[in-house]
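Enquirer: In case you want the letters, here they are:
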Amino acid sequence: MLAVFEKSERIRHIGHLDIQRSVQRGLRRSGLPVAYSQGFNPHILITFASALSTGACGKREIMDVTMAEDTDAETFMQRMNRAMPPEMQLTEARPVDDRHPSLMGSLRAAVYDLTIREKDQAEKLISAIPAMMEKEKILTLRKTKTKLAECDIKPLIYALRGRDCHVYATLALTERESCKPQMLLEALKAEAGISEEVRMLVTREALLGENGAGELIPLEKL
Amino acid sequence: MDYREKFEMALEKVQKAPRYTGGEMNTSVKEWDEAPLHFGFCFPDTYEVGMSHLGLKILYGLINRESWSLCERFFMPWTDMIAIMKEEDIPLLSIESRRPLKDFDVIGFTLQYEMSYSNILAMMDMGGVPLENTERGEKDPIVVAGGPCAFNPEPLALFIDAFMIGDGEDVMTELNRVILQRKKEGWCREKCLRELAKLEGVYVPSLYDVTYEEDGCVQSVVPNCAEAQATVKKRVVTDLNNTYYPEEIPVPYTEVVFDRIMLEIMRGCTRGCRFCQAGMLYRPVRERSLETLLHLADRLQEATGYEEISLSSLSSGDYSCLPELIRELMKRMKDKRVSISLPSLRIDSVLKESLEETQQVRKTSLTFAPEAGTQRMRDVINKGVTEEDLLEKVRDAFRGGWNSVKLYFMDGLPTETEEDLNGIADLARKVVGEYFAVPKDQRARGLRVTVSVSIFVPKPFTPFQWEPQDTLEVIREKTEHLKHVLNIKGVTFNWHEPYVSFMEACFARGDRRIGQVLRKAYEKGCILDGWNETFRFDLWMEAFRDCGLDPAFYANRRRERTEVLPWDHIDSGISREFLLREYDRSLKGETTRDCRKGCNGCGLQKWKGVCGYANAGSV
Ligand code: SF4
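Those sequence lines, one after another, are chains A and B.
Going left to right, the first sequence walks through residues 1 to 222 as this note's numbering numbers them.
Going left to right, the second sequence walks through residues 1 to 619 as this note's numbering numbers them.
Bound conformation, chain B alone (with noise of 0.2 angstroms):
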């Protein structure tokens, strides 16, 4: 029996078998030999997580618009799949053709979250690509990276061929091209990854020396041959309306995670949030128009059929055409019984008005994120929610007849006091007595108000990159505490486990060594990790031990500012000495105007016609 036909008896067995079996609307994409290029994009994770993301869809289409590249999916099967196709020798499956993943030119992994590196580890050793780089053959795939992960690509750098950073969108068919050339040429594999090095935004690993201090401190990170770059630039796209968006996305046949169209307004942020990655690495703010938006949201409304169209971006209520916009998508969407999801905090009053009337927004749960209970707390990380803000939103809320509201925060922040915890208690005793307030007669009953609390990790080229995680039994102890002071009736206190953020923070400001660590856990058992019933803290320790690293030296140390950051030669854009000028304020508790606002000298502004909010000198 071949594994093809294995795979179709293992798809009685399993418990999800629609995740592995494809067919979906708008994927039946090529025949293998119609393209010379095979791609096989890599999502760590579940099929239903990895068909939410809209990285996926927007590579999909593009590798497979080109006439000569064609794009495969494979996902992270689950345990129960993974038993089988051990047992019965069944090779990792791309969804559409159903081919190995060894099989293809190059693989393509996306990197969200530190806790899907060791899915990374079973995909390809599942797919009968061998893990390191240095033990991969002529024959064996060229193995790449995206994502924001890739920016510290450090903890991966034994397994990955080539990082992309920054945007992908160039980048991708750029690196495409050099891999068909590679297959045209019959160039070796080393000559390939060199000619990799070249291009914009790419770093191979392997091509660079890592020593370190005494310590374990990075020491230096240099290219050891001409062709790598001393640092890697990131990829900015600067005209989003010029750069490709999908109008025809897959449309699984099974719900997964987010089942709708997402519509990305804008990318970036200028908020400046200094816990915020993800507000750090896609700067600076880049706006679709007006009229792009609506262009594709026709298309794909023609092309998926879906009933709810999602705006999408780090802030959405920033869009600056956001009520002209939402205003014209529901003019249109109105006789196709389309939805348009909103970003619930800042709908001005008459747009909230046409709401109600046209479509009966669903009074589902309102979602706010102050992230600090104390004033003093949301200075310190630069988030701009007042007190009286949210209140005041959430009296609305209360009044327009929603009955339940969802609180994030973090706790572990730089600076942190139990006053501040104290606070969190106190901003959700505030938003029930809002809901108290309003007449017995003109409120929805059954008040639900749900805090959750998750753990802070620092994270690479954010200020907060040199400070130390707090240790689990800090975690636990504050964790004690918040259950103890969040003892209120109507709210509901979420917690997390200390354990997979501690892991988290250990990869995300991880070095080259950790990759050791991450090999030993894979082979302990360890995979999906973002997966409470899957997650083995136990194994995790078990790796480092092995390895002889201590877990806290990469997530409890506060970094000296003079030290060499493990991904220094990463360049975001946003300057070293930006990062510790914010960090400084942030301990002074100052806080630092939104770039709409003026400019604060992040160090983009340095790259010519990038950042449109950037006018020189007004730092």
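Chain A extracted, bound-state conformation (with noise of 0.2 angstroms):
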């Protein structure tokens, strides 16, 4: 079963380990018949299309739930919807037989929100766009486990745009590549030359896989 949920604002900060947790307690207060793994820690089997970042919210998180017998969505919408606090609903499901692709396979890009708190900040952001995506090269620093490197995200930005307190962004998300939407804000500070904090809710809107003619959807449509 495919499923569609929302991490909710108030639950921004809860670590993807914690939601998958949720999730899986979730699953079993509703009842429905999931299938566990075997051995000795049994754990439902479930996969998430992707990690949400602590501090982000998401609007239509994807999940693949591996049923033990045939369940309709809408009985497996209701028993969920049941199951689950008021911050973490589902708003979709379909039932996808095991070829389905995998869900981490056929993800391609995320939509994001970013709402800048700050009104002067957000302006200033939003109108250092359309310069910063002129140049060749948008170059920022990304984080890995150990260093700090330089990297040219302009490959990786798909859209974007602003209007009042919010930059949207189409980012590239991949198990090889990916820009986080903090990188994006690094470029667009640079750019906007500022260089004091920005605070700025996230916000995931969506999750985006490639349909056969190339063009990117939503994943959960594939």
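For the record, the hints were derived by calculation from the structure and aren't laboratory data.
One thing to keep in mind: the hints can contain errors.
Unchecked claim - Below are the SDA-like pairs computed for lysine to any residue, each with C-alpha atoms no more than 20 angstroms apart in a straight line: (1) B:K16 with A:A56; (2) B:K336 with A:A56; (3) B:K6 with A:R10; (4) A:K137 with A:E191.
Unchecked claim - Only part of the chain A face toward chain B is listed, based on derived beta-carbon distances under 8 angstroms: (5) E6; (6) R10; (7) H13; (8) D18; (9) R25; (10) G26; (11) R28; (12) Y36; (13) P42; (14) V198; (15) R199.
Said to hold, decoys possible - Chain A residues, not near chain B, derived (Cβ > 12 angstroms throughout): (16) R21; (17) R29; (18) F48; (19) G105; (20) M133; (21) D164; (22) H166; (23) E196; (24) L216; (25) I217.
We treat Cβ as the ideally placed atom computed from N, Cα and C, and that holds for glycine.
Dock chain one against chain two, each of which comes alone in its own frame, and use the hints as you go.
Expert: The following block contains the structure:
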């Protein structure tokens, strides 16, 4: 069963492992016929399309639950929404069969809404967008486990625009390469000449995959 | 910017934001206006500790169940959050609706350990509630407290308006009803407190005057108004099957200390260990029936999705139908992949086999608490464990594939000698010996024996309530000695710093005056004293000096048997005669039988129909 769920603003500081555990417990509460792994510490067979980082909310996060018996989407939604806290409700579910391509493998990009808390900062950042996108390379620092490395995020930005206090961005997100919202913000700050801290709320609006025609569409529609 | 916005900003900066953000399963309770009475449940320690506590879950459910009352939670923030709250002027907010503590009609603290007392002051202070009862006005909340430490309420008498003594389930609702009536009828604070004082099990300290002898001992504690009872009798719920137990409990997102279903199978303990305050306070033993427990287990599992159920009580091995309970639970929970954690001490062999078949017991560490190193010392404290018992169980465990054993002891017990300390090492050595006696190919590799020695703290309502605690110097010497003798291959020795235990001893048996020390210490910056990184012994000592009080008077003095004890006006049901009798027997090394083998006349037998084991005249 493929399901779309929300991680609300209130619980944005909950890390991915805890979200996973909460979904597992929600499934256990729901009484739905889910499949368990074998072995010592049985857990529900479930995969998440992408880990959402601590501090970010998610509008359409995606998981794939292996069911032990056929279950229709409506029952799944109803039972799960009763079993999940208001902060993590499901908005969609769709039965998929085992041959469905892996979520993680199909993931290409994510749509973000970066809400900038200070109005004048937002204005400056947004007006820096065109100039930044003109550039041949957009260099910013990427944090790896051990070091900071400079990298070019230009090819990783698929769409970028701003309005009011929001910066809307579609950024590459695959198993191999991705651009984190924070990296984009750093690049924008550099362009706008802002050195002080910019407070923002990150909302991941959607996860995108690629269809046969090479278009990016919502992952759950693949 | 209002405080809620500032709070949101603070969340971005602190180490563990999830401990402040709420929204957990089974916690979205009521809208503020849905119920007229607002109760702020305060756990005076961090979220992770508080959310592991059964009492919180019981009362949270109990108060929210009534249509007319609403309960929200408050916890002690960590230092990083406190710093921001101070700087930004953010009040202490409830987890649920993020309202300041002062907006609640009644706020209730649970008193689980003395070293949380400074957190109580900190929480009130941050929540905008004046610290002392005399400083509070008509608009301020009524401040109540309950839990085991409420049996000696005096150290907190300056700060708490009303204490609930004993089991909370019934008296909590009665107390809330009175406060609701106050709200409806517009009673002044004083009238409300007097009404509360009429309830059985409720102690309102401001309605009692304390006088002192010249030597500093308490002379008397007497009511100063008609409503206050001369002695306040603890509350006892007699039938746990008809007592509220939550069927839905909050499920935290993040891992807390005990992240599982806790099923309270019984309350109280019949063994009568003489150092154990809980064993005295929670008398008599009351069991929940198999039927009730199975029902609760099902309901709780459905409501939480937890993967583990642990059986909770002071001595779960004594529950009368333990094997049936465990078998039935395992049967029901198998398909749900729920494991049952067991009191490891008393698994009969049949059970052990079925355990191994059905759920492959995780071979983690086994825990034993012989408490003392020699038989003589164990007789003194009435701990009915023999060396042979222990070694047999350890042997079984090593044969069964365990390789890790934890042994818990105390030092500083009454009459303790060097021989008793050496006994701890002897026992540890024998445990190691049992491991090596199992043939190499039949035992798990990598033996680990951990010996933890804590420092004895004499507690009220125990036979040792008259005993001194060892001085810091003696404790230090004993620890050095233990380090020396416990230098055994395969054995790790964990010891405790004596300072916290010393403070605990002061407050456990403190009087009303020691409340001033608490306030001073808090003002000097003492908070989160239960945590090594924040405990400031030097500041505590300064506070004692500033108040002209000597901590040794409370901790290290042998009290006269005739002395008025600061908690004498609290009636725990356990008589002074019984405690003195037990004290004498202990000094002679005589043991006292388990109540299940016959009543020992602790005093509770006089409360009709309260103790199921009390047969008349069987002393
Ligand atoms: S009344 Fe008798 S049986 Fe009951 S707890 Fe006291 S000593 Fe034990």
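Enquirer: So, for every hint listed, does it hold in this structure?
Expert: Going through the hints against the structure:
This hinted pair checks out: K16 of chain B and A56 of chain A have alpha carbons roughly 15 angstroms apart, not beyond 20 angstroms. Using a Cα cut-off of 20 angstroms, the hinted pair K336 of chain B and A56 of chain A is violated, with the two alpha carbons roughly 32 angstroms apart. Pair hint K6 of chain B plus R10 of chain A holds up; C-alpha atoms about 14 angstroms apart against a cutoff of 20 angstroms. For a cut-off of 20 angstroms, the pair hint linking K137 of chain A to E191 of chain A stands: about 12 angstroms separates their Cα positions.
Taken as an interface hint, E6 of chain A does not check out: its beta carbon lies about 12 angstroms from the nearest beta carbon of chain B, beyond 8 angstroms. Taking 8 angstroms as the C-beta contact cut-off toward chain B, the hint placing R10 of chain A at the interface holds, the least distance being around 4 angstroms. The restraint placing H13 of chain A at the interface with chain B holds, with a minimum CB-CB distance near 4 angstroms, inside the 8 angstroms limit. The beta carbon of D18 of chain A is positioned within 8 angstroms of a beta carbon in chain B (closest approach about 5 angstroms), and the interface hint is therefore held.
Below 8 angstroms, beta-carbon pairs count as interface contacts, and R25 of chain A has one with chain B at about 3 angstroms; its hint therefore holds. The closest approach between the C-beta of G26 of chain A and any C-beta of chain B is roughly 6 angstroms, which is under the 8 angstroms cut-off, so the hint is satisfied. Interface restraint check for R28 of chain A: the shortest CB-CB distance to chain B comes to about 3 angstroms, inside 8 angstroms, so the restraint holds. Among the interface hints, the one on Y36 of chain A holds; its C-beta lies about 6 angstroms from the nearest C-beta in chain B, closer than the 8 angstroms criterion.
The beta carbon of P42 of chain A comes within 5 angstroms of a beta carbon in chain B, closer than 8 angstroms, and the hint placing it at the interface holds. Hint status for V198 of chain A: violated, given a least beta-carbon distance of 12 angstroms to chain B, over 8 angstroms. Below 8 angstroms, beta-carbon pairs count as interface contacts, and R199 of chain A has one with chain B at about 7 angstroms; its hint therefore holds. The beta carbon of R21 of chain A sits about 8 angstroms from the closest Cβ of chain B, which is not more than 12 angstroms, so the claim that it is off the interface is violated.
Once the 12 angstroms rule is applied to beta carbons, R29 of chain A is inconsistent with being away from chain B; the minimum gap is 4 angstroms. With 12 angstroms as the threshold on Cβ separation, the claim that F48 of chain A sits away from chain B holds: the shortest Cβ distance comes to roughly 15 angstroms. No Cβ of chain B comes within 12 angstroms of the Cβ of G105 of chain A; the nearest lies about 28 angstroms off, and the non-interface call holds. With a minimum CB-CB distance of about 28 angstroms to chain B, M133 of chain A clears the 12 angstroms threshold, and the non-interface call stands.
Residue-level check passed: D164 of chain A sits 18 angstroms from the nearest beta carbon of chain B, beyond 12 angstroms. A cut-off of 12 angstroms between C-beta atoms confirms that H166 of chain A is not in contact with chain B; the least separation is 18 angstroms. The Cβ of E196 of chain A lies farther than 12 angstroms from every Cβ of chain B, with a closest approach of about 14 angstroms, so its non-interface assignment holds. Separation of L216 of chain A from chain B is adequate, the least Cβ-Cβ distance of about 31 angstroms exceeding the 12 angstroms criterion.
Remark: the non-interface label on I217 of chain A is consistent with the geometry, its nearest Cβ contact in chain B lying 31 angstroms away (cut-off 12 angstroms).
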